[in-house]
Amino acid sequence: MTRALTIEVLFPEVANLHGDNANIEFLAQSRPDARVIRTSLTETPAFATGDVDLVYLGPLTEHGQLKAIERLRPHRQRLVELIEAGTMFLFTHNALEVLGTRIRNDEMGYDVPGLGVFELESTLSMFGRYNGKVMGTLTEVGDEFPIVGYKSQFSTVTGPDSTPGFLLAERGIGRNPATAVEGVRRHNFLGTSLLGPLLITNPHLARWVLATLDPHTEPALAHEALAMAAYEARLRDFRDPKRWHPVERVAPPRR
Amino acid sequence: MLRVLLAIWAGKLASATLRALGRAGTHVPGIIARRVHPGIIGAVAHPARVIAVTGTNGKTTASNLLAAALTAQGLRVASNRNGSNLAAGVAATLISAVDWRGRSRADVGVFEVDERSAKLVLPGLRPDVLVGLNLTRDSIKRNAHPAYIAWILSSAVPTTTTLVLNADDLIVAGLGSDENRRVFFAVDQLPGDGDRPEGAAVDAAICPVCDHRLTWDYWRYNHIGAAHCPACGFRSPEAAYRARDVDAAARRLTLELDGEARTAALVNENIVNVYNQVAVAAALGVLGYDRDTIAAAFDRLAPPETRFMADVVGDATVVRILTKGLVGVACSRAFDYVRSFAGRKSIVLSIDEVSERTTDVENTAWTYDADYEYLADDSVTQVVVGGIRRHDQALRLAIAGVDPARIVTVESETDTADIVALDGIDQVFNLHSVHNAEVTGTPVQSRLRARLAEREAAGR
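The listed protein sequences derive, respectively, from chains A and B.
Per the working numbering, residue 1 is the first one in the first sequence, and the count goes up by one each step.
Per the working numbering, residue 1 is the first one in the second sequence, and the count goes up by one each step.
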């Protein structure tokens, strides 16, 4: 039996860069019965006091990252509990860094602790923005439907490779140019720096997300035929070696 | 000093050589000069007064208007109006404004400065006045987000510079430091302004003091408008220079000029150009011109070139709109412009980025920063999308609410003109990007005109 989903979008007034909040618009169009809660910075998050099926945080400015840390810090333990309990989270672009242990930005003059949910440190280089593509597999979605996405970011993230990634990049770089491990995966927590918006550029991933959120309902995507056509076209391009640049490779380890 | 002269001579020689070869040479001399002396922008003699103009949109128009206004006052004006707005272009212009012995030949310099390049330009240029027009989202890859560009500008601008800032852009209004003198300009509430922001790209939604959502006194587009915080009382700055009573039909507007009003010729009714005009008025005021001189300056200024063009063929119109792909905000303005036309419309859309066709795969995230929702209107009978990323565009249109039955995709950008349905339409729009204006835009518009002429001849 279909059950109503509750999706919480955190701080959309500041976490809204790079068109990424369309991830949630796409889910909402795919599940018109879903209740979408948009929690502003000055409100208490819904996940803090009630049940939410999916918590989303999108791309932020550097200042916005600090605001998000400040506002989420009182709810750190609740976040950990929900992640461990299997609640689904989608943190995209630099939102994941909020949950790391440290964000260092020498050029803007700060070095602050994150929420410390994951063992990740972020270092921002404000005049060294990385732009590139990433392709890799998410096991549950299957290797016939690799995830395709883009990076466009000031930050590199370091953390133990033992912290499972969202995916392992077959092409492109991971958390930083020295690893293919991209983002973070913990139960149903999906944290990735990839832009797209990810669920729109990866309809098979969107279907898996919907199926995970509501296992008793056959997932159906809004505009599924158009989404699949766009995915197939992009995948063909991503599989073309000519479209990959040397900078989009994991650097070999230094001897 | 010798190195400065060597850089000047190298730049001038390069410029002369390029001219002899029939090339413009607007930035190469600057590149060469900066190789000889990386600090040449600061080391070369400057005109007696220097004004820099920056912002996401309108800086070419505003700096050209300002340069023309100052030229009309009999001043010798050095300006990069025809050249590059990057560091090399600024250096080339400065070098062109000194003689072979390095002595300035200009009374005033007016420089359009690329906002992303401010760090390389402003510390050396040390402008007396910096005009900040607006900061909205631009290329995700290059410009990231407006707050990043604001940080670059604030880090780079000298504290001695007087800032002439758009009070209706809360990101621009916060530029500089407390040490900078600030003068604000604005456009008063206009018919058609909203009272709350809409769209994907609103970058000043919260109070910078207490984080509460802002309440808008009037909202124009993106984060442009006047706002206040209901929680702590923060509000948009008061503007000493304001435009109001914009009368497009009479081609007049009223300018409030630091306490007194004057009517003036309206240079162009596009809202971005109204902001440009009042920004120029404010800059002239800061430079010490009296109100009558400022108001009269606009009588002689030519309107800027438009990115829109319309051809009437029979009872229908072909409208060309240059639509900068990769820049969602620019696309939103184009889509909103399409919406503003009355009547039934069809659209030919080809705004892929050519540089990414063969050696990259375009990051289409920017399409979700663009408000395609403006095209989800019953008056739009069909959208034909051509190009490599046509499926992404079609999906974006559908998510925006355009009926999928009205969306047609075709691989060729130019075949779109043969496919688009023209029966019963009042306008057909061709939205193309900068790079494909000639290879796609020109043949598409030609074919559309021909088809409409055939329709007219057949009496349909």
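Hints listed in this document are in silico derivations from the structure and should not be mistaken for laboratory results.
Just so you know, not all the hints are guaranteed correct.
Stretches of chain A that chain B covers, calculated by requiring three or more beta carbons in the stretch to come under 8 Å of a beta carbon on chain B [said to hold, decoys possible]: (1) 18-26; (2) 141-155; (3) 159-168.
Here a beta-carbon is modelled for each residue, glycine too, at the ideal position from N, C-alpha and C.
Find the hints from earlier in the document that the structure breaks and name them by number, from lowest to highest.
-> 3
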